[in-house]
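Visitor: Protein chains in written order, with our numbering: chain A, 147 to 457; chain B, -5 to 498.
Honestly, the hints are just simulated from the structure, not real lab data. Accuracy of the hints is not assured; some may be wrong.
[Stated by the list, open to error] Looking from chain B toward chain A, a few residues come up when the C-beta cut is under 10 angstroms (computed):
hint, residue
1, Ile326
2, Phe338
3, Met339
4, Leu374
5, Leu382
6, Ile384
7, Ala426
8, Cys434
9, Val482
[As the list claims (entries may be wrong)] DEER-style ranges, computed between Cβ atoms:
hint, chain 1, residue 1, chain 2, residue 2, range
10, A, Thr227, B, Asn481, 49 to 57 angstroms
11, B, Lys74, A, Gly209, 45 to 53 angstroms
12, A, Ala243, B, Val133, 40 to 48 angstroms
13, B, Val133, A, Phe407, 53 to 61 angstroms
14, B, Asn30, A, Asp228, 23 to 31 angstroms
15, A, Tyr370, B, Thr63, 56 to 64 angstroms
16, A, Ser194, B, Lys305, 50 to 58 angstroms
The beta-carbon is built from N, C-alpha and C at its ideal position, and this holds for glycine as well.
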Amino acid sequence: MNLIKYRYLYFAISLLVIIPGILALIIWKLPLGIDFTGGSLLEVKFASGNPPTIAQVESVYNGISSPAFKIANPLVQPLGTDSLSIRSEAMDDATKAKVVAALQQQYSEGKDVTILNFTQVSAAVGQEVTRGAAIAVGLASLAILIYIWFAFRKVKNAYRFGVAAVIATVHDALVVLGIGAILGHFLGWQVDSLFLTALLTVIGFSVHDTIVVFDRIRENSNIYRRVEFEKVVNHSVVQTLDRSINTQLTVMITLLALALFGGQSIRHFVIILLVGVFSGTFSSIFNASPILVVWENKEWRNWFRRKPETV
Amino acid sequence: MTRRPYVTLVIILLLMGLALWVDLSKQISIFNPINNTPIVNRNVDLQLGLDLRGGLQVLLEADLPTNSTVSSADLATTQKILQNRVNGLGVSEVLMQSAPPNRIVAEFPGLQDPQQVVAALQETGLLEFVDFGDAPPGVGTEIQTDFGTAGAGPNGIVTPSPTGTATATSVPTNTAVSTPTSAATPEATSAATPAPTATAVPTTSTIYHTVMTGSALASVNVQTGQAAGTASGFVIAFTLKSDWSSVFADYTGANVGKILGIVLDKKVISTPSINSKIDKGQGIIEGNFTQDSANELAINLRYGSLPIPVKVVESQSVGATLGAESVQRSLIAGIIGLLAVILFMVIYYRLPGFVADLALIIYALISLMLFKLIPVVLSLPGIAGFILSIGMAVDANILIFERLKEELRAGRTLRQAIDLGWARAWLSIRDANISTLITCLILFIFGNTFGASIVKGFSVTLAIGVLVSLFTAIIVTRTFLHIVLDNVKFTEHPRWFGITEESR
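Whole structure, please, built from the sequences with the hints as guidance.
Guide: So this is what it looks like as structure tokens:
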């Protein structure tokens, strides 16, 4: 089985996901939740099982909005069948009480309207969290690059393994961010601290996966010293294929169980993780290892030269 | 390591027994058989986070000008004092963490009334000026005062009565009517705080009379002795609110030479004596103060106990219903996921898969024990992190078995195959898990720094899961395989290992 031969096809598949993702990031931006932008999140449950429509909630908010708390035009999302999640600019407890009283009065149908969750986040907190997360991601990438460089120090060009692993990781981060922007635009999903956790987990998983494949390359390079690097890499990828797929299957089984049967509040988190874990396995097999081959052959010298065929 | 697999097996079984004991108990106690004193007596109930139990999360920030810095010692002291203060609310498992440089995150699982918590957090400590007469208790002593007790006036202060009968006879009727709102909180605080600290702090049974409280102070500042026209060193100058100056003038006039103790949250912090009548509502506290100790006392007088004033910047209340629903569902989801993985392992890897499943169960038991012992406050992302770590635990086993298969196909004996397969798989297991641990560490630091408890909880459970999975993969799976091979002849049952005759 020659998997590495089709490396440019895999790169194309990756770009096919990443480029729309980046475009979505540029055009629509990430739909930052109140964790990042600051504001109020109100989650209410209607015991009648019949929550008001989005337009009705908007009219309640628009009516109560004041110069001090401009809560007009909130983002309303259904939670299950009987609850609503309402995001708005920041409001205080008195304003919240007014909103809940109005909802109770107009749309309760005589049953209780209960507050499931009320969150206040100031924008300053959000900015710091964002900056901290960016620094954390940068530091994690750097630390992992250095660790791989160290762990593979007995292999020729050990730093390439570190760089390739980080590129694969950046690939997965971009896939997750891009999918986040696309889902945010079409389904109204918000980027919250759970999304951040998912992103950071995917980065960890991706490196985990890549290292197992690289470890095989490390081992095989010592055994088959005279064999062409490309063949060594291909052999290693094929050898670890069973393991890669099985590991991914077990992780995806547990995540799928969580997505299907788990609580509503972590569903987006789990789905983002599923996307990321899939991308993580894909990138370690089809991106990280082929990058090593491209680098070894210095293939970029041929990229813009007219030639009949790839080797 | 596994030269004597049966010895290791006994250790594993003992560990499993210990894990089962801890996992199934809410409280563990070990008594010294000689004198029957408890050696270990710990609450090991599983601690559920806010999102699972419902409750309140409050983010506090130092209320200082933006360019001033907060020392970590001050922040730690503030946290400790706040912790004591909220203990009075009767909320168990309050989680309070300082988030440097200037924040404190407080979590109150199971709490319904946010106003009550926020009020308790923001209220300054109870500062009392207490009549100690001639024999003051030592600094640091915990005392009882009559502030806010039955017979107190609307401001909580008891007006001394010559006969004392008023207090004695009016208890049943008066407590209900006359206890003013301002006295309710101090009472609650004094009732609840002694319990955890009682052993460390000397206490007295005398009930002292409170002359006035910190609320009578209008302003407090530190002056040099020269500026105040008294002695060298530093003094603390204070001004009283106008309605208190006559009360204080009367009291000091009648008690010159006696001790007027300064008591904070029922603990003596200073015992100055009254030198003269203070009649204009202005006075100074003298002592052998350095600038630092004068500042410290002044801060105590100004803010109650807090070295730095704090304000609430974020409060988040989570409905318990949402949590309960999610917990139930996620728990079932986790069990379904685990069962699916167990089935997959047996079907795909046969006998080794079954062995790995046993190891997986031991892994889950040990992890749960650690969560309870450390203790880790489990949140929804925390459980997600745990389930993800199950995936990584399985991965370690898969890596070993794939290698085992390869070695068996290469014609090695089973014993050789286990040792070789394990040794070769170890390198990838090590590197992959160390990189995950690095990510966990950075996540943990990130979560800690920004008070993002969600991220922190996730990284902690994932890290514990990775560490335990390393243990089960290295020790448990391998020992079990060795024991199995002592009793099963591979050559007679290659299919049990997922090897068909053709593929050999």
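Visitor: All the hints need checking, so say for each whether the structure fits it.
Guide: Here is how each hint holds up against the structure:
no.: 1; hint: Ile326; verdict: holds (6 angstroms)
no.: 2; hint: Phe338; verdict: holds (6 angstroms)
no.: 3; hint: Met339; verdict: holds (8 angstroms)
no.: 4; hint: Leu374; verdict: holds (5 angstroms)
no.: 5; hint: Leu382; verdict: holds (7 angstroms)
no.: 6; hint: Ile384; verdict: holds (6 angstroms)
no.: 7; hint: Ala426; verdict: holds (4 angstroms)
no.: 8; hint: Cys434; verdict: holds (7 angstroms)
no.: 9; hint: Val482; verdict: violated (23 angstroms)
no.: 10; hint: A:Thr227 - B:Asn481: 49 to 57 angstroms; verdict: holds (55 angstroms)
no.: 11; hint: B:Lys74 - A:Gly209: 45 to 53 angstroms; verdict: holds (46 angstroms)
no.: 12; hint: A:Ala243 - B:Val133: 40 to 48 angstroms; verdict: holds (46 angstroms)
no.: 13; hint: B:Val133 - A:Phe407: 53 to 61 angstroms; verdict: holds (60 angstroms)
no.: 14; hint: B:Asn30 - A:Asp228: 23 to 31 angstroms; verdict: violated (56 angstroms)
no.: 15; hint: A:Tyr370 - B:Thr63: 56 to 64 angstroms; verdict: holds (59 angstroms)
no.: 16; hint: A:Ser194 - B:Lys305: 50 to 58 angstroms; verdict: violated (39 angstroms)
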